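Enquirer: Protein sequences, first through last, are from chains H and X.
As numbered in this note's numbering, residues 10 to 718 make up the first sequence, in order.
As numbered in this note's numbering, residues 11 to 324 make up the second sequence, in order.
Be a bit skeptical, because a hint or two may be false.
Here are the simulated lysine-lysine pairs, DSSO-like style, with alpha carbons at most 27 Å apart [said to hold, decoys possible]: (1) X:134 x H:207; (2) H:66 x H:44; (3) X:15 x H:643; (4) H:84 x X:124; (5) X:230 x X:16; (6) X:81 x X:119; (7) H:124 x X:190; (8) X:134 x H:643; (9) H:643 x X:119; (10) X:134 x H:130; (11) H:207 x H:55; (12) X:230 x H:693; (13) H:66 x H:476; (14) H:141 x X:134; (15) X:238 x H:174; (16) X:232 x X:124; (17) H:69 x H:418.
Rather than coming from a laboratory, the hints here were simulated on the basis of the structure.
Predicted, not measured: the structure shown is a model, and the values here were computed from it.
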Amino acid sequence: MKKSIGKILLVLVPLIIALILLYPTYKASKLEKLKQQYLEQARKAKNPQDSLEIIEKFEKAYGQELLDARANRIKLGLDLRGGMYVTLEVDVLKMLEESAQRDAIDDIFMEVLEKTKQDAKNSDEDVVDIFKRNFDQIARPKKKFLSDYYDFGGSAAESEEDIIKKLKENAQESIDQALQVIRQRVDKYGISEPTIQKIGQRRILLELPGVTNEREMRQLIQTTARLEFKLVRNDENLVAAFYKIDELLKKEKQISKGLPNVPEDTTKTSPELKSADTTKAQSITKDTTQASNRIDTAKQGEQPDTTDPYAGLSQEEKSKRYLEDHPFTTLFITNFLPPNAERTQYQRDVRFYNASQVPKGEYDFEIFEDVWNKFEAIINRKEVRALLPYDVEILRGAKPNIVKDNKGKEFKIYSFYALKREPELTGEVITDAIATFDPTTNQPIVTMSMNADGADKWARITGANIKKRIAIVLDNLVYSAPVVQQKIVGGNSQITGMSSADEAKLLKIVLKAGALKAPVQIIEERIVGPSLGEDSIQRGVQSLLIAAILVLLFMMIYYSLAGIYANVAVIINVLLIIGIMAAFQGTLTLPGIAGIILTIGMAVDANVLIYERIREELEKGRSIRSAIDEGYTKALSAILDSNITTFITGLILYFFGTGPIQGFAMTLMIGIITTLFTAILISKALFQITLNLGKTNISFGQPKAVSSL
Amino acid sequence: MQFFKKPNIDFVGKRNQFFIISSILIGLSILLIIIFGFRFGIDFTGGTEIAISVEKNITTDELRKILAQNKIVPDEIKSYGEKNQFLLRLKEVGEDANRIETTLLSSLKDYSIKILKKDTIGPKIGAELRFQAVIAVLLSIIAMLIYIGLRFEFTFGLGAIIALVHDVIFTLGMIVLFDKLGIINLEINQGIVAALLTVVGYSVNDTVIIFDRIRENREKHKGIPFAKIANLSINETLSRTIITVLTVLIVLLVMDFFSGPVLQGFAFTMTVGVIVGTYSSIYIATSFVLWYMKKVKKINIEEDIAKQTVAAKA
């Protein structure tokens with residue numbers, strides 16, 4: 010027995026590893042099923058409030074678990090679950106047109122563009138080069154220069170080479186910018202597990218599983234982003250409006266519960282009200298409650314009419330009642346900056362009893378990621394909208410702050426801003442943006458420059474809003490809301506306060522979205538409808554399963570006990586392939602499954618090679634033990650050679666194929682490695698264990714040994 | 011269980027007959043390819059393919075008529091897998107294709123149309139993919155030549171390559187033939203290229219197993235003429251060859267008949283390729299090596315002279 014321990018481990022360890030790697034896949038599918046049940050319940054619920062609560066209940070109990078499991082499970086390709094696969098390319102022609110000065114565009118320019126379009130259709134040449142050639146041929150004889158059409162904000166005497174260089178640069182950069190915009194949009198759209206990848210220098214690959222409305226998606230992808238500068242209006246009027254929303258929601262709740270409209274009667278506490286998000290908001294800001302207490306008491310001294318309505322209640326009862334009375338403002342954290350205070354002196358998590366208590370000053374809001382949808386749903390209601398200042402819109406920050414609670418669990422917190430609806434300035438005026446470091450402080454900064462028209466407006470805007478904040482908004486997401494330090498004349502502005510170089514780079518990309526349009530065109534689009542996924546694909550998978558079972562049966566019949574051992578090795582092999590793919594974030598596609606089946610073929614072939622050799626050796630009259638040793642040794646070179654040649658094919662397929670073909674190649678290559686391991690080592694270990702157990706004969710299905718067959 | 015008990019079939023002796031048969035088949039394949047040409051899928055030509063299913067019974071002709079009334083004139087309409095499922099092929103891409111999709115949905119609303127899948131490939135990317143596919147096939151052939159050349163001898167590498175080129179041409183010929191006969195939809199797309207490359211891998215794999223035995227037997231039985239060694243090696247590996255081909259064929263045949271339209275082209279190509287690959291390992295690869303030794307290297311491979319095996323090794 011002792012002799013066998015190593016061998017037993019050799020069999021068990023890979024099996025256990027494979028099962029561990031596959032566990033998240035199993036768990037994710039179980040949780041998905043559970044989620045479907047919850048969603049079904051939510052759909053049946055009588056009113057939206059209840060259904061929202063059912064969904065929240067699931068999220069609270071299993072949300073994180075599901076996310077974790079999903080992150081480590083094997084992903085199914087679009088062909089197996091339906092969805093949209095898109096390859097995008099920057100539309101350089103459109104970029105050439107859109108980055109030209111609008112009022113300068115004339116017939117000559119359009120003629121050049123049209124010619125370029127025709128030429129570019131069947132050429133691999135750089136479109137900007139084609140454009141230049143055509144410009145030289147058509148426009149230049151007519152005394153037109155590139156500088157008549159393009160103004161990149163540099164010196165007046167920008168040379169033609171500079172402009173061409175700049176155009177090329179823009180074409181290069183626009184892909185990053187498109188990537189950023191698309192990522193945010195896809196994120197916002199709520200597609201789970203999208204793949205967004207930059208391919209080479211000028212392409213983006215998108216895989217959007219489960220997308221049903223492809224038309225909407227297409228529009229989302231192809232619309233160019235809009236960059237705007239908007240004034241931040243996080244003032245007392247807004248916060249007062251928030252408290253009015255509290256009152257409205259409270260009233261609605263009472264009506265829906267059939268209670269009379271008297272606040273004192275809300276003694277009945279509903280457990281659902283104390284939802285996950287509000288308790289979280291409380292716990293995370295515990296350290297700042299003192300600050301809020303200070304304000305409350307101070308206010309009491311000044312304004313006796315706003316006495317504490319919960320006076321005399323226990324602390325616990327107080328916070329419970331506060332929560333009930335403020336269903337809206339407790340969704341987020343409000344920070345307060347008194348007038349004339351330093352920027353750093355925010356009072357964290359302030360709370361008031363009603364709208365009349367809100368002091369003058371600036372505010373700042375933070376909200377947990379999972380609450381945002383609820384928040385947005387509330388503020389988009391017509392009755393609620395009516396309470397908010399009419400010329401204001403509320404937009405979320407683009408990037409979250411990540412905070413950890415004391416258990417180390419991560420939460421994403423977003424800022425949100427009330428912005429003046431009408432933009433002060435739009436992005437077309439920006440000519441360039443550079444992410445760099447401040448030479449004196451060594452802090453990351455972003456500098457941006459504007460054209461003459463923009464610079465004039467910018468001077469006026471900044472002059473009128475000193476010490477106020479202006480938000481940089483791309484695609485309705487706030488990327489930064491810097492405070493205006495002084496009137497900026499000439500358009501060259503510097504934005505500081507970035508926490509990292511990455512953040513600065515992101516802001517640069519965003520600002521450049523104004524300078525250069527990054528129109529993208531879809532050059533490849535594959536959509537797999539959900540019904541194909543259910544029907545024909547299931548058949549595909551089934552047929553592959555049938556094939557696998559037939560092969561295993563054949564092996565068992567032909568090689569008897571040895572065949573069973575080979576089958577054990579093959580099954581561990583398949584588990585390992587799928588497990589390793591899950592670990593490497595690989596995607597299982599239908600061709601990928603075909604790859605696995607072929608691997609089974611290869612694995613079976615390896616065992617066949619070995620077993621035929623062993624049979625030969627047995628016929629020569631060798632003992633079983635030496636026949637097995639000899640068989641494995643002699644078959645090895647053939648197995649290696651045949652697997653390496655197939656591996657080479659796999660490599661080439663992987664580098665030259667796209668999408669599904671790559672999936673096939675990937676499984677084939679992983680499969681060959683695991684095959685070499687399992688077919689050679691595991692089946693041999695099984696034989697040795699058997700022999701160590703004292704068996705003197707192992708049937709290889711050879712006629713003289715098998716009487717039953 | 012055992013299929014063969016010490017087989018001793020004279021493969022090598024009949025190599026000339028089989029060489030003639032192979033030459034005829036390859037000639038015919040090339041002829042088929044030249045006459046009919048490949049039908050490239052949209053992967054390589056660009057265009058749009060929409061697979062739809064309808065709930066009411068409708069024939070291809072009726073469908074064509076309805077579409078024509080709505081000014082949709084697909085290049086091709088054919089059934090896709092099951093009853094009342096169709097594949098439409100269009101030249102249009104981009105916006106035009108989207109417009110057609112919208113019209114399609116509205117004009118067949120009465121039939122409860124569902125889009126099963128839709129692929130749109132721009133003409134430029136199609137050309138790129140075609141280029142990549144050709145490069146991939148060529149590169150894999152070269153890589154095989156180098157590998158086998160290193161592991162064995164140049165002659166063996168050449169034999170393996172000739173066998174696999176034989177397999178690829180024959181498989182392509184069969185693809186053209188079966189596609190033309192309308193038995194199954196076999197336009198050249200990425201899936202078929204993947205299958206072809208796998209056939210390349212398989213064909214070489216199979217050849218390598220026999221060569222490996224030849225290499226071993228040459229060491230073991232010095233003095234026996236090469237032709238005999240080759241025949242012995244083929245016989246010794248025959249039961250492995252048959253069993254492996256059988257298991258792979260079990261898989262592929264099940265895929266052929268049950269896997270539906272998505273994997274059918276792949277499975278068909280593999281089936282033809284595996285059969286011809288097995289045949290060519292024996293009759294083309296090995297025969298070529300024999301021919302090369304006899305005619306080019308002037309080695310007497312038939313007679314029992316010990317010193318000539320020494321020469322063969324050089």
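Enquirer: Taking the hints in turn, state whether each one holds.
Expert: Against the structure, the hints:
A threshold of 27 Å between alpha carbons decides the hint, and for residue 134 of chain X with residue 207 of chain H the separation of about 18 Å falls inside it, so the pair holds. At most 27 Å may separate the alpha-carbon atoms for a hinted pair to count; residue 66 of chain H and residue 44 of chain H meet this at roughly 10 Å. A distance of roughly 20 Å separates the Cα atoms of residue 15 of chain X and residue 643 of chain H; the hinted pair therefore holds under the 27 Å criterion. Taking the CA atoms of residue 84 of chain H and residue 124 of chain X, the gap is near 26 Å; set against the 27 Å cutoff, the hint holds.
Restraint check for residue 230 of chain X and residue 16 of chain X: the C-alpha separation of about 18 Å stays at or below 27 Å, so the hint holds. Between residue 81 of chain X and residue 119 of chain X the alpha-carbon distance is near 16 Å, which keeps this suggested pair within the 27 Å criterion. Straight-line distance between C-alpha atoms of residue 124 of chain H and residue 190 of chain X comes to about 41 Å, which puts the hinted pair past the 27 Å bound. For a cut-off of 27 Å, the pair hint linking residue 134 of chain X to residue 643 of chain H is broken: about 51 Å separates their Cα positions.
Annotation: proposed proximity of residue 643 of chain H to residue 119 of chain X is violated, straight-line Cα distance about 66 Å (limit 27 Å). For the suggested pair residue 134 of chain X and residue 130 of chain H, the alpha carbons sit about 8 Å apart, so the restraint of at most 27 Å is met. The suggested pairing of residue 207 of chain H with residue 55 of chain H is violated, with an alpha-carbon distance near 45 Å, which exceeds 27 Å. Our distance criterion of 27 Å between C-alpha atoms is met by residue 230 of chain X and residue 693 of chain H, whose separation comes to about 26 Å.
Proposed proximity of residue 66 of chain H and residue 476 of chain H is contradicted: the alpha carbons are some 44 Å apart, above 27 Å. The hinted pair formed by residue 141 of chain H and residue 134 of chain X meets the criterion: a straight-line CA distance of about 22 Å does not exceed 27 Å. For the given pair, residue 238 of chain X sits about 70 Å from residue 174 of chain H by alpha-carbon distance, which is inconsistent with the 27 Å threshold. For the hint pairing residue 232 of chain X with residue 124 of chain X, the CA-to-CA distance comes to about 69 Å; that exceeds 27 Å, so the pair is violated.
In summary, the hint linking residue 69 of chain H to residue 418 of chain H is supported, as the alpha carbons are separated by about 13 Å, within the 27 Å threshold.
In terms of the numbered hints stated before, the structure departs from hints 7, 8, 9, 11, 13, 15, 16, listed from lowest to highest.
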